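If you read the sequences in order, they're chains G and D. Numbering-wise (our numbering), the first sequence opens with residue 21 and increments by one. Numbering-wise (our numbering), the second sequence opens with residue 21 and increments by one.
Hints listed in this document are in silico derivations from the structure and should not be mistaken for laboratory results. All the pointers check out, no bait thrown in.
The list treats identical chains as one, so a pair stands whether inside a single copy or across any two.
Calculated lysine-lysine pairs in the DSSO-like style (CA-CA distance at most 30 Å, straight line):
hint : residue 1 : residue 2
1    : K108      : K290
2    : K54       : K119
3    : K143      : K290
4    : K57       : K290
5    : K185      : K276
Quantities reported herein were computed from a predicted structural model and do not represent experimental measurements.
There are 2 protein chains.
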Amino acid sequence: MNCIFGVDIGGTKVKIGKFINDELIQKEEISTNKQNKGTYIIPEIINKINEMKTNEEIIGIGLGVPGPAVDGIVYGANNLGWGIVDIKSEIINEFPNIKVEVINDANAAALGEAKKTLKNEAKNMILVTLGTGIGGGIVINGQIFNGYNGSAGEIGHIKVEHGNKRKCTCGLYDCVECYSSAAGIEKTAREVMGKELSCKEIFDLAKNGNVEAMKVIDDAVDKLSIALASVANTINPEVILIGGGVSKAGEFLLKKIEDVFVKYAFHTVKNTKLKLASLGNDAGMYGCFYQIKGETND
Amino acid sequence: MNCIFGVDIGGTKVKIGKFINDELIQKEEISTNKQNKGTYIIPEIINKINEMKTNEEIIGIGLGVPGPAVDGIVYGANNLGWGIVDIKSEIINEFPNIKVEVINDANAAALGEAKKTLKNEAKNMILVTLGTGIGGGIVINGQIFNGYNGSAGEIGHIKVEHGNKRKCTCGLYDCVECYSSAAGIEKTAREVMGKELSCKEIFDLAKNGNVEAMKVIDDAVDKLSIALASVANTINPEVILIGGGVSKAGEFLLKKIEDVFVKYAFHTVKNTKLKLASLGNDAGMYGCFYQIKGETND
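Looking at chain G on its own, in the form it has when it is part of the complex (with noise of 0.2 Å):
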């Protein structure tokens, strides 16, 4: 039995899946130990890993983190506190013998999507994550796309409005997750309603008909697609899928992103399809995985 580890290390938790024979049998979370410039983080993994084998051999282990990553080596991921980490070493020096893939979070959840939910199907895609922030992930021919320096599918900091109204956390102003990230709407409801609101809380107004709920909602839709028609008419994705803990708005939320997209997508890309992710938190543990499993078995 093939046994492959997935293991997304984010700033607050470590998710561990293991995987047998292409499912996930298991998965373990553990907290994200930042003590010591993080040099816990890795070691507590590896014991966990420890814990959760049996008697099936490991021949691969795969690590999605929050900062570029080539060749194995992290080069820098401030919410871990790490600087440039060896993380594969580490890895190696536990496990001999396998597998060991280091890649960036973003693009790990691209990759989990575009194998799980789209099944493979999708020769290019692209992954928008809703969530605090805005981040993608872009996979082509089935693998992921890192770009030049690994920054590809920095969508989030699309500029979709003008007149400098909104400064960004990454300096800049305007960019489209100033206002159609879970914060971005939140800041627009305090603007439009007066009130202190959770996305969630925006949405679920919106769903029952408030109107000035729908107009904040409609505003981060327009940006967004502003933001996704950029991306298509310069990539010219088949699937766009959108994730994120926004997304959780589900279909409701689809259906204005299709209704909007059109109207500023060139006309040869107007038919990208628009779909929901679907592996919510799990999607960098799946990709982790695949890119094992990309590496071994393709």
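Start from chain G and add chain D according to the hints.
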């Protein structure tokens, strides 16, 4: 001696290049004969190739067309009067047992610039063509990137302004093409300077310190930089090449784009290299040549 022909079929002219051992040794132009739904175009190209060839062995003919092309078939090229035309079969009929490749002209130009101007050293690049309109072609890992239905690189239709200020020929509003193409720059000059000036005249005035002309150019550069930043945030190319007639403004234009691009690009892609394309109207011929060469030698 291996002989390859690169043929760039445009709406007014067809440019035919003869390449021997990687060198362009002869180029000829014929008028594009659009009579009778463009049915004479391919026969006339064949005649010209027969004139140009001496006793070398032709190993391939690459053709660039102003429309989408898949597997040697062109799916509509309005500028030529073409509907769906199987030009590969027409060529093979006259020259059996050679390689024939049919590619989109914007992609052909990008491949030509990537291989010749950048010496195939940039893993990922995009060519932005600033002409009457704005086009683009993407090269990833030394190969043309088509996207799902051949529409990747349609970056002229990225939205860069708000309020439906200008309607684009494509039917959308406020595409970068409305502002930063030659036609867009001339339109801005009419608005700002109240005069009918050519794009070249506007650049010449700006270079000589005319304040109003400088304002016109600065606006075009600002909008273009917003679009290029969107592209860079999405695909993180190593190099963005600036080509097309407007790029004849040279270093004056390039310097301005470099200054403004970093204002809009996400921090991880601010180091994207911006360069001038160098092949001018020969880029398409070169790309068609390299497309054959890539298929036969690589």
